[in-house]
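As they're listed, the protein sequences go chains A and B.
Each residue of the first sequence is one higher than the one before, starting from 1 at the first, in full-length UniProt numbering.
Each residue of the second sequence is one higher than the one before, starting from 1 at the first, in full-length UniProt numbering.
Simulated from the structure, these hints should not be mistaken for laboratory data.
All of these numbers come straight from a predicted model, not from anything done at the bench.
Be aware that one or more of the hints could be misleading.
[Claimed, not checked] Below, computed lysine to aspartate or glutamate pairings styled on EDC-like, alpha-carbon distance capped at 16 Å: (1) K11(B) to D99(B); (2) K34(B) to E35(A); (3) K34(B) to E148(A); (4) K11(B) to E148(A); (5) K11(B) to E35(A).
Spelled out, the chains give:
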Amino acid sequence: MSDYFDELAALLRDRGVPAERVASTIEELAGHVAESGADPEEEFGPVAAFADGLGGDTGATGDDGTAGDERTAAAGESWSWTADIFADERRLNEFGEQGWEVDRVDRRGMFVSHRDPERPQRWEYRRETVWPEGRRAVAERLAPDGWEPCGTWFLYEYFKRPGAASVGPAAEIGSPPPAPGGRLFFSARFLLILAVCVLLAVVSMWAVAGFGGSGDDGAGFAAGVATGAGVGAVAGAAAALWRLTRRDR
Amino acid sequence: MSTDRRASWLKGVLDLLVLASLTEDESYGYEISKTLAEAGLGQIKGGTLYPVLNRLEEAGLLAAEFRVTERGPGRRYYRLTERGRETLTEQSGLWLAFDESVRAMLTKGAAG
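Given the sequences, and given the hints that come with them, work out the whole structure.
Below is the structure:
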């Protein structure tokens with residue numbers, strides 16, 4: 001194995017890619033250079049930038065035919081973040097005002113975004129609730145107004161359009177603020193619902209534990225079953241809520 | 001034609017081209033790059049292709065399976081998922097509509 005692949009494997013592990021995936025990726029890429037006869041660095045670009053592209057979380061999308069170093073420079077600042085369903089559209093437009101363009105929604109529900117370092121411009125966003133078979137019709141309806149799809153999360157379809165479509169050259173941002181420090185933006189409403197779920201879980205466990213404290217074995221067993229069922233039901237409800245109102249990290 | 005301009009064009013459509021290269025059968029990275037090159041799209045470097053494959057897999061548009069081969073290194077085979085096929089149909093339609101507008105404008109410009 002060449003130094004390039006050794007270093008790439010270490011970088012992918014550092015980025016949290018599972019060991020099994022790292023091993024198969026390295027084997028896949030080694031196979032590529034074996035078939036093409038190319039030098040790894042020439043084929044894949046500088047190793048750190050390539051690891052970013054494969055790490056899945058950096059937004060270094062690089063689908064422009066260039067090698068990794070050029071790609072990183074072109075991608076500008078990258079940032080992945082998320083918000084719950086009560087806050088996402090507002091946050092998208094807030095960060096869009098700061099020049100952040102969403103490239104996609106990854107499978108964890110993160111908005112993978114980048115900002116042009118030289119000529120950042122404003123972006124506008126909107127969210128539509130669409131069944132999969134209706135996506136095309138919605139995209140076609142919105143396209144004449146400059147909207148293009150930028151990600152999907154379950155039944156939510158996200159669209160973006162450059163600010164230039166509505167305000168012209170004024171969409172360019174003279175001095176953009178620094179990248180936001182956080183990655184999670186949850187609304188008070190979401191946190192309240194989450195708190196109610198936790199409270200329900202605690203109350204149900206307390207109630208059932210009290211019921212099982214009689215010392216009777218049958219009642220104790222029933223209490224155990226009921227506790228498990230109660231906690232499971234609340235956990236299931238919380239998970240469903242999480243899915244619907246979105247995204248963890 | 002400048003390389004920069006061609007790279008910009010590819011930027012907007014490479015993910016669709018990768019999806020389109022998998023409509024008939026599954027394939028692996030190097031073979032996909034050869035298919036794209038043979039279609040006249042130029043050589044897509046591995047440094048560009050694999051992050052795109054990774055991203056499409058993450059988005060659930062491709063499914064991948066790593067297979068060990070008897071001789072030589074293993075390969076990860078990619079195939080279109082149902083969602084990938086839907087996305088390809090939907091996005092190809094939008095791209096072709098855009099292409100039609102560009103073509104009409106450029107044809108008019110060249111004739112004038």
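Okay, the hints, checked on the actual structure:
{"no.": "1", "hint": "K11(B) to D99(B)", "verdict": "holds, 15 Å"}
{"no.": "2", "hint": "K34(B) to E35(A)", "verdict": "holds, 11 Å"}
{"no.": "3", "hint": "K34(B) to E148(A)", "verdict": "violated, 30 Å"}
{"no.": "4", "hint": "K11(B) to E148(A)", "verdict": "holds, 15 Å"}
{"no.": "5", "hint": "K11(B) to E35(A)", "verdict": "violated, 25 Å"}
In this structure, the hints that do not hold are numbers 3, 5, in rising order.
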